[in-house]
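J.: Protein sequence lines correspond, in order, to chains A and B.
Position 192, counted from 1, in the first sequence is what this note's numbering calls 189; the numbers after and before it change by one each time, with no gaps.
Position 189, counted from 1, in the second sequence is what this note's numbering calls 186; the numbers after and before it change by one each time, with no gaps.
No lab work stands behind these hints: they were computed from the structure.
Being a predicted model, the structure only gives us computed values, none of them experimental.
Careful: at least some of the hints might be erroneous.
[To be verified] So the derived label-pair ranges between C-beta atoms look like this:
| hint | chain 1 | residue 1 | chain 2 | residue 2 | range |
| --- | --- | --- | --- | --- | --- |
| 1 | A | Pro190 | B | Ser75 | 55 to 63 Å |
| 2 | B | Gln36 | A | Asp229 | 33 to 41 Å |
| 3 | B | Lys159 | A | Glu569 | 43 to 51 Å |
| 4 | B | Lys300 | A | Ser17 | 53 to 61 Å |
| 5 | A | Asp15 | B | Ala26 | 28 to 36 Å |
| 6 | B | Asp543 | A | Arg107 | 53 to 61 Å |
| 7 | B | Pro190 | A | Ser502 | 45 to 53 Å |
| 8 | B | Gly295 | A | Ala123 | 34 to 42 Å |
| 9 | A | Tyr394 | B | Arg125 | 31 to 39 Å |
| 10 | B | Glu587 | A | Pro359 | 43 to 51 Å |
Ideal Cβ placement from N, Cα and C applies to all residues, glycine included.
Protein chains: 2
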Amino acid sequence: MSPTNSREKYGEPPKAVDLSHHLSEVSKARSLSPLKGYQKYFNRPGMIMLAGGLPDPAYFPIANLSADTLVQDSFDLSAPPALPQPSSSPFSWLWNLFSSSSQVPRPTERTAHISIPKYPPGANPAPRPPPGSPIALAQALQYGAATGIPQLSAFLREFTEKVFQPAYSDWETLVHVGNTDGWSRAVQTLCNPHEFILAEEFTYPSALASAHPFDVRAAAVKIDGQGMRSDDLRSVLEGWDEEARGGKRPHVMYTVPVGQNPTGATMGAKRKKEIYDICVEFDVIIVEDDPYYFLQEGAYVPKDRRSSGAVGGQKEEDEEAFLARLAPSFIKFDYQGRVIRLDSFSKTIAPGSRLGWFTCSPLFAERLERQGETSTQGPCGFSQALVAQLLTQQWGYKGFIRWLRGLGAQYTFRRDYMVDLLHEHFDMQPTTTVSSGAYGWGGEVYVARAKAKALPKGRGGNGFEKSQIGEKQDGNGKGKILFSLIPPTSGMFVWLNINFEAHPSFKSTSSAQDPPAQTLEEKFWLALAEAGLLVAAGLLFSAERDADGSPSSGSDANVGHLRMSFSFGEHEIMKKGIIILEKVLREFFEE
Amino acid sequence: MSPTNSREKYGEPPKAVDLSHHLSEVSKARSLSPLKGYQKYFNRPGMIMLAGGLPDPAYFPIANLSADTLVQDSFDLSAPPALPQPSSSPFSWLWNLFSSSSQVPRPTERTAHISIPKYPPGANPAPRPPPGSPIALAQALQYGAATGIPQLSAFLREFTEKVFQPAYSDWETLVHVGNTDGWSRAVQTLCNPHEFILAEEFTYPSALASAHPFDVRAAAVKIDGQGMRSDDLRSVLEGWDEEARGGKRPHVMYTVPVGQNPTGATMGAKRKKEIYDICVEFDVIIVEDDPYYFLQEGAYVPKDRRSSGAVGGQKEEDEEAFLARLAPSFIKFDYQGRVIRLDSFSKTIAPGSRLGWFTCSPLFAERLERQGETSTQGPCGFSQALVAQLLTQQWGYKGFIRWLRGLGAQYTFRRDYMVDLLHEHFDMQPTTTVSSGAYGWGGEVYVARAKAKALPKGRGGNGFEKSQIGEKQDGNGKGKILFSLIPPTSGMFVWLNINFEAHPSFKSTSSAQDPPAQTLEEKFWLALAEAGLLVAAGLLFSAERDADGSPSSGSDANVGHLRMSFSFGEHEIMKKGIIILEKVLREFFEE
Chain A
-2 MSPTNSREKY GEPPKAVDLS HHLSEVSKAR SLSPLKGYQK YFNRPGMIML AGGLPDPAYF
58 PIANLSADTL VQDSFDLSAP PALPQPSSSP FSWLWNLFSS SSQVPRPTER TAHISIPKYP
118 PGANPAPRPP PGSPIALAQA LQYGAATGIP QLSAFLREFT EKVFQPAYSD WETLVHVGNT
178 DGWSRAVQTL CNPHEFILAE EFTYPSALAS AHPFDVRAAA VKIDGQGMRS DDLRSVLEGW
238 DEEARGGKRP HVMYTVPVGQ NPTGATMGAK RKKEIYDICV EFDVIIVEDD PYYFLQEGAY
298 VPKDRRSSGA VGGQKEEDEE AFLARLAPSF IKFDYQGRVI RLDSFSKTIA PGSRLGWFTC
358 SPLFAERLER QGETSTQGPC GFSQALVAQL LTQQWGYKGF IRWLRGLGAQ YTFRRDYMVD
418 LLHEHFDMQP TTTVSSGAYG WGGEVYVARA KAKALPKGRG GNGFEKSQIG EKQDGNGKGK
478 ILFSLIPPTS GMFVWLNINF EAHPSFKSTS SAQDPPAQTL EEKFWLALAE AGLLVAAGLL
538 FSAERDADGS PSSGSDANVG HLRMSFSFGE HEIMKKGIII LEKVLREFFE E
Chain B
-2 MSPTNSREKY GEPPKAVDLS HHLSEVSKAR SLSPLKGYQK YFNRPGMIML AGGLPDPAYF
58 PIANLSADTL VQDSFDLSAP PALPQPSSSP FSWLWNLFSS SSQVPRPTER TAHISIPKYP
118 PGANPAPRPP PGSPIALAQA LQYGAATGIP QLSAFLREFT EKVFQPAYSD WETLVHVGNT
178 DGWSRAVQTL CNPHEFILAE EFTYPSALAS AHPFDVRAAA VKIDGQGMRS DDLRSVLEGW
238 DEEARGGKRP HVMYTVPVGQ NPTGATMGAK RKKEIYDICV EFDVIIVEDD PYYFLQEGAY
298 VPKDRRSSGA VGGQKEEDEE AFLARLAPSF IKFDYQGRVI RLDSFSKTIA PGSRLGWFTC
358 SPLFAERLER QGETSTQGPC GFSQALVAQL LTQQWGYKGF IRWLRGLGAQ YTFRRDYMVD
418 LLHEHFDMQP TTTVSSGAYG WGGEVYVARA KAKALPKGRG GNGFEKSQIG EKQDGNGKGK
478 ILFSLIPPTS GMFVWLNINF EAHPSFKSTS SAQDPPAQTL EEKFWLALAE AGLLVAAGLL
538 FSAERDADGS PSSGSDANVG HLRMSFSFGE HEIMKKGIII LEKVLREFFE E
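Just chain A, with the same shape it has in the complex (with noise of 0.2 Å):
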């Protein structure tokens, strides 16, 4: 056997592996639909069906369904000219209803409008129309297969192939509720009670809460810049000791390999084909969870450095340039179909949309889509009818690139904003020296020390005084180090790396016998939310769990995290965020 690893080795990309020993007890106990062997006759032309249970579609009360979208371009792909003000905003509506200044205007939106009926012209009545047919209301709000309606599922197939090229042949996509309920799935597909799923050191806390209930935990693997890394990985494979850990070594891994969350990693080609391999050697299934795929936002550039122009790309270029720009989806290096891959309209469309997709290797498909029969049956049909016409009347392949591309851009704005704020309010130095635990990151890494203060005019001297911490200046002339951070180069989410051990109640970690009732971090979290700030506490993402699901404290308790948001709301609003961290910090800091 000589397996390829892409597709440009040979002309025909292999064919999925027999990975059928992944499967869980659970999944293996789900039957076959005892019907299977008679399909036949359900397709036969002009049968007279009385099996179903389905409703007449008279009786459905929405005669047609319709939208005002918004134009694909609605976003441009270069910098604003100037930082977004609360009248340019489009979330103004809400400000103004808090604010007395309500004289804002409304931000106009240029919109198309697409309508679906229940009975329109030209559908095609079979139970499961081609996808050419018109999508019709009386279809889509119908009991329907686990696998969507053909018209979204064939839009699906041909996005997923053009983006993410799966390197293997009989690759299928399946429709889910959202990657929740993907993960939920998959977990349950892959995993029986007490295993163990690898998982980056700080992960999504809601992926943990699917599979706790399973008895099924996290062992962590280091992160740095990029993401998972991958020696670790094979050291943890390798030195995996059964008895000490209490559990198999795992043959599952869950990862969000962009925009990681809480990070804000991105993974690269080189480091995912490293890690594929590795998962190739020890027989591991990589579920690929990736909600922000589209929202690359690539290195921070400083403002003073950075040049205006196309953020999301050239304008110019078409959408295979954009595509080769992206960091490639796991799938692009599966020779195997050992990679789940959960994509999502979430952030591409919206949250309440409960829409999303597998792409993977028909064995798990075919579970998949079984346990999808049993719980959340196929998605909302609202939201398959809306989300189709959306995509393939007035968008289309192209006008949906160009969208995710709007959308890319404007992430990087906010992202840039969010970074810029921390530059404005803090003595932000870039370094690649590694000084602690706390910065174990690979990449560029910025150390965050307090500002000299500006006194009010008229107290004298140049208008600027060294500040109380800036005081305490160590041997080198420079203030503590507050926090170490890495700017997110995808999805959502700044993470800063509080330097807990310049903290003056700090202990070691080999002297804290008894650990403390309260973790620094704890403590700073609740200095911040007294002082108006909510941001999410690093300790929530620790893979490392209690028995009873609760993030384990572990053995560094000195060491903190949190995590801002920077997708949502206004940019004063993250202003005055970036004002009260610095306040509470300094003041914290000084204890």
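Given the structure of chain A, go ahead and fit chain B onto it with the hints provided.
T.: Positioned in the frame of chain A, the structure of chain B alone reads:
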């Protein structure tokens, strides 16, 4: 302790009792959110929220969602003057596409218009706006609680209180994505592996398929014309032999008490009370799957004795009088909080709405909500927004009741039409005599024989002569009984008990050491399919299952059933179906 069993007995209904010992290990292992203790900060006005990963609603491409919705009195409550013709059938678009004479105009639907903007004037921008706030897509399409949007929750609570009248005070409602999801969550919340659940001896196969992979099997309870029999329930529970059964006595019941699937039976108040009291005695949790509640059709009256007029109740009666005529829900007797009721919009709005709700105690509601957070999350926002807008702004409570009455009348016409067709094509005689194991039903039973056949004109005689099968008369001058039937009193299905004992190749059970490769039921189903009629084979609904989840042939392989749906399609289609049934039954029994 002197529990009260109805709200009439005492002024104040009691609170739910502690039934936490029923929670499964998986359910108990679901963690509380680690943020629970800090909830106060999330609700504090003016907080700067950078914690969550919410996309800005400015990026939702739907600026406005609207629909033409049928008016609440779209369907008449009285019998139509004549059977609907193809020209007046709302589904004729489908028929037309297959027929060459597509001159038939599509029926006109009376509609109103609803519209849900992203940012409606007067919307409250809080993450959980008060129920009276206009529905905003900016909120409905956002990530939200697994409890759904407040406007919908408030309506469901009001509706449940008025219609189902729970007998304890602290009941809650919680949205789910349809009863398949609801039951799937309930079984995982209540059952550990190797357990049994109580179920009607014929039941919904998908419910069994949701439980089976977790090694949860059904213990069959006998049914009659009112569904599950209370005497047999007691006998199953009292006589439970742990060793012989291979598992503990069941502590969970799955039941479809109205429009029982597949039999169409409706369980009345007296039976429900008996069953509830037995469940209190044996500490059983009742999961009441009730999607057909508003398709209550009442007793079938043969056409010649049927008075035309109000099928769906008196036109003039008010909501309360209408509701009082319906069989009550189990929760009307539930003074302890041991019922988990499942309601669905699949039959009252559309299956594609993927929307329904639990009514249960706070203990179960909390665990079911946790499970939703790590699987489906909240239901689809498009669906929630549309259904809530329709129910709260367009129809209102009274309007929705009127819509439901119209639907009930439509299903009654359809039920009557199909049972009338059986009368036209078979010699149907009412009898209460239970003649064999196949007819173990209470209530009125019809037995069906072949009718004397009309000869083509010109073949002499009086135009009628005895059919071949008619000639094989028994001593009483009557032909073989082909099937028996209790006409359904609710729901979508007619359930025929085929009298295979009368079949030439019938073998008595005791002599059938080797079960036949193909049962008579299967042979008969195939004969119908070959002749162009698809029905659901009775064996699919058998509660007893083999280890692989397939229906057990059981000890009674000669007895068979079939389920025919009258919910869907043209009356002409039903007629063609019954003609095929008649022909194949004749031929099959002449073998």
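J.: Run every hint past the structure and note whether it holds.
T.: Outcome of the hint check:
One distance hint, 55 to 63 Å for the beta-carbon pair A/Pro190 and B/Ser75, holds here, with the actual separation near 58 Å. A C-beta distance of roughly 36 Å is found between B/Gln36 and A/Asp229, which places it inside the suggested range of 33 to 41 Å. Checked against the given bound of 43 to 51 Å, the beta carbons of B/Lys159 and A/Glu569, roughly 45 Å apart, stay inside it. At roughly 56 Å, the beta carbons of B/Lys300 and A/Ser17 sit within the given window of 53 to 61 Å.
The supplied range of 28 to 36 Å is met by A/Asp15 and B/Ala26, whose beta-carbon atoms lie about 33 Å from each other. Against the hinted window of 53 to 61 Å, the Cβ-Cβ separation of B/Asp543 and A/Arg107 comes to about 60 Å, which satisfies the hint. Between B/Pro190 and A/Ser502 the C-beta distance comes to about 48 Å, which sits within the given range of 45 to 53 Å. About 35 Å separates the C-beta atoms of B/Gly295 and A/Ala123, a value consistent with the hinted range of 34 to 42 Å.
For the hinted restraint 31 to 39 Å between A/Tyr394 and B/Arg125, the CB-CB distance of approximately 38 Å keeps it satisfied. The beta-carbon spacing between B/Glu587 and A/Pro359, approximately 46 Å, falls within the hinted interval of 43 to 51 Å.
Hint violations for this structure: none, all hints satisfied.
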